[in-house]
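Engineer: The primary structure of each chain is shown beneath.
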Amino acid sequence: MTQVTYLEAIRDGLREEMERDDRVFMMGEDIGNYGGAFKVTEGFQARFGAERVIDTPISEVAIVGAAAGAAHMGLRPVCEMQFIDFLSCAYSILTNYVATARYRADLKTPMVVRGPCGGYVRGGPFHSQNPEAAYLHTPGLKIVAPATARDAKGLIKAAIRDDDPVLYFEHKFLYRRIKEDLPDGEDIVTPIGEARLAREGAHLTVVTYSAMVFKALEAAEVLAKEGISLEVLDLRTLLPFDEDAIVASVKKTNRALIVHEDTRTGGIAGEITARINERCFEWLDAPVRRVCAHDVPLPYAPTLEDFVLPQTDDIVKAARWMVAY
Amino acid sequence: MARIDVLMPQMGESIAEGTLSKWLKKVGDPVKRDEPIFEISTDKVDAEIPAPTAGVLAEILVTEGQTVPVQTLVARIETEAGAAVAAPAAPAPPPAPAPAPAPKPVPTAAPASAAPVVAPPASRPASEPTGDESLEDRLRRKSTPVVRRMVAEHGLDLAAIPGTGMAGRVTKHDVISYLEQAPAPASPAPARPSPAASPTPASIPIGGGVQVIPGPVVEPWEGDKVEPWSRIRKLTADHMIMSRRVSPHVSSLIEIDYTRVAQLRAKRKAEFADRGVNLTFLAFVAKSVAGALRNHPVVNAAVMGEATLLRREINLGIAVALDWGLIVPVIRRADELSLIGVARAIQDLADRARSKKLTPDEVQKGTFTITNPGVFGTMVGLPIINQPQAAILAVGAIEKQPAVVAQPDGTDAIGIRTKGILAMSFDHRIVDGADADRFLAEVRRGLHEFADNA
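As given, the protein sequences belong to chains A and B, one line each in that order.
Take the first sequence: its position 56, counting from 1, is numbered 56 in my numbering, and each next residue is one higher.
Basically my numbering = 1-based index in the second sequence + 325.
Calculated from the structure, these hints are not laboratory results.
Everything numeric in this text was worked out from a predicted model, so none of it was measured.
The beta carbon of each residue, even a glycine, is placed where N, CA and C say it ideally should be.
Check each hint, because a few of them may be wrong.
[Stated by the list, open to error] To give a feel for the contact side, a few chain B residues facing chain A, derived at Cβ under 10 Å:
id, residue
1, 340
2, 341
3, 347
4, 469
5, 490
6, 496
7, 498
8, 725
[Claimed, not checked] Straight-line distance between alpha carbons at most 27 Å, and here's what the computed BS3-like set of lysine-lysine pairs gives:
id, chain 1, residue 1, chain 2, residue 2
9, B, 690, A, 225
10, A, 251, B, 467
11, A, 252, A, 225
12, A, 317, B, 690
13, B, 467, A, 317
14, B, 347, A, 252
15, A, 317, B, 559
Using the sequences and the hints, build the whole thing.
Structural biologist: Written as structure tokens, this is what we have:
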């Protein structure tokens, strides 16, 4: 076993895939000589060469476009967005071109676009976004968002091996805060589309993902002292998300609270709520509720950021209300 | 010209909803800032709610008797400038159709608002249930999907299942408990043997309510009047059942000779009156009790799981009978007060209980309760413990009585003494008879030998 951080787990996953398959290569801003803004690819250029670890101009659309072409030609590119906020610069080519290629022309597009998402780091509106909802609506894409180091490694490997385009959202708050012992020599691959039961409980299911998994687990500890038992479901994959796991858990606990760091309106929680209504309405003992960020751009000021983003106490209060309903 | 929202206030940390008990203003009435406009009653306290701004009461959105979550929009006040009142169709229910309120930022964890947002287009006859039905009735009927499915599967009557959810709503847990407890539907016996052991905290439903044993079915006869329970009545009822089931009650009675106290009272009454305080027998009893509790911590205690919690503070609850129910305001750290301090605190709390000016904090954290049925002439009563305390003391009527009095020369004679009975009910799980009797003896000694200048 070796103790690794969430960030090191991503790095190890990338390195293992590059060693395993020489079709895998990387493109991004300052990922080569500099090793990436967060040092995820540190040492990669020296190890794999400048042909497989390519520093690009500051143009997200160029990175994604070049990757799409390379993928069609049989390579397996991994693109880094310096901050996932700037993925929107490549929105058109991702949604109009990449996502539709298989349907339009039977073209495989095995590519990964990864980058740091999320707040709680005082990053302000351009460096804290959670853009999953903008891409959730696009058939043809897959979206993953790991919470643990094991899944950070397992999902980057699964994403690279997938024949469809995968968006990989890594949470920058977790980069160096999460440390886990991972077995040496195991080929960890987390299947895309499968949720993980992060905590088993009886009274209420919290459906969540990424950094919010840890807020939910903290809330579960608080509520356990009051005799309220939370089940925490870590989705891991957001598109296509694991509807069967959600339904099975809600049928057991009869209450569903959806927690995400993204803003409320149009967020993924709305979609999950709709699926619950469609598939297990008759098992509900309380309205489905959401804990999400307020509908505002994320403020820089620490006090305001704390107010806008979901906090453990918000989950505790919502859960208490639902259990008493 | 602006409309200011009036919300159901949060009257204390743990309070989730309130019942609007009475409107003090009508639509169209001018209101001053801070002038009381309605009364509410919560789990803990009744209170008058002041207007947040001056203006004209423009809309009433919650009618009397409705229970709504805190922060629910209750009314709107039109400020000075544009005093055009939305012509209300009728004085009160149903709520005047409010134009959909401007979207407000919704707090992340806000409970779903129970306030009507959009009412049906003006004056629609029938179809709506009559105004007699309370919000609680409607919430009870509005069962959740899983409850409805289970009730249908088992052929149950929803109305027969005691509910522990918000506003008495039947939850899935309630249905399961009901199914577990009701073995044969045929048995008409109303009294089901209560479980041998009192419910441990773990077995109390998570809704926090009390499991009610279904009582006999009662029907009104012609001419009878049905008075639905107020919130305070319901809470009192639940609390009394819970207390009786949780604590094995034992009562001890002790006779007190108040002659010395009566003399002291007569002597100092005028002096106290000058300082604005009515000196009552109750104040002497409270002062003696507070002092004795310091030496008998097990009587100033609570049961916590399988442990006894000995309270450091001595906070005396004083039961106050109101026209609309019973409330127990608390004198914090009563043992640190002088006689006049105790007397003044009793008077102040009772006055404010009657005028509904108590804050929620003033009815919490009691550690021992005194009730005073004697004011009505009752010899004594055997009270029910105010949970989660260990004991409660009732003060019986204080009257002059013939008594055997020892003469200075060693003989006995019949004399006139002022006497009364104190009765204490205590939780035998933690207070044994000897503990209770030693405590009562000390209270009696305190009253018999009450200091001149206490």
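Engineer: May I ask you to test the interface hint for residue 498(B) with respect to chain A, counting a Cβ-Cβ separation under 10 Å as satisfied?
Structural biologist: Hint on residue 498(B): holds, closest Cβ of chain A at ~8 Å, below 10 Å.
Engineer: Given a cut of 10 Å on the nearest C-beta pair, is the interface hint for residue 725(B) held or broken against chain A?
Structural biologist: At about 54 Å, which exceeds the 10 Å cut-off, the nearest Cβ of chain A leaves the hint on residue 725(B) violated.
Engineer: Would you mind confirming whether the straight-line C-alpha gap from residue 347(B) to residue 252(A) stays at or under 27 Å?
Structural biologist: Distance ~42 Å between residue 347(B) and residue 252(A) Cα, so the pair is violated.
Engineer: Measuring from the C-beta of residue 490(B) to each C-beta in chain A, is the shortest one below 10 Å?
Structural biologist: Hint on residue 490(B): holds, closest Cβ of chain A at ~6 Å, below 10 Å.
Engineer: Using 10 Å as the Cβ threshold, decide whether residue 496(B) counts as touching chain A.
Structural biologist: holds, 6 Å
Engineer: Hint check: is the beta carbon of residue 340(B) less than 10 Å from a beta carbon of chain A?
Structural biologist: violated, 12 Å
Engineer: Given the hint that residue 467(B) pairs with residue 317(A), test it: the Cα-Cα distance must not exceed 27 Å.
Structural biologist: holds, 23 Å
Engineer: When you check the alpha-carbon spacing of residue 317(A) and residue 559(B), does it fall within 27 Å?
Structural biologist: holds, 26 Å
Engineer: Are residue 469(B) and chain A close enough, Cβ to Cβ, to be under 10 Å, as the hint says?
Structural biologist: holds, 5 Å
Engineer: Return the status of the interface hint for residue 341(B): holds when the least beta-carbon distance to chain A is below 10 Å, violated otherwise.
Structural biologist: holds, 7 Å
Engineer: Regarding the pair residue 317(A) and residue 690(B), is the alpha-carbon distance no greater than 27 Å?
Structural biologist: holds, 23 Å
Engineer: Under the criterion that the straight-line Cα-Cα distance not exceed 27 Å, is the pair residue 252(A), residue 225(A) satisfied?
Structural biologist: holds, 21 Å
Checked against the numbered hints above, the structure breaks hints 1, 3, 8, 14 and satisfies the rest.
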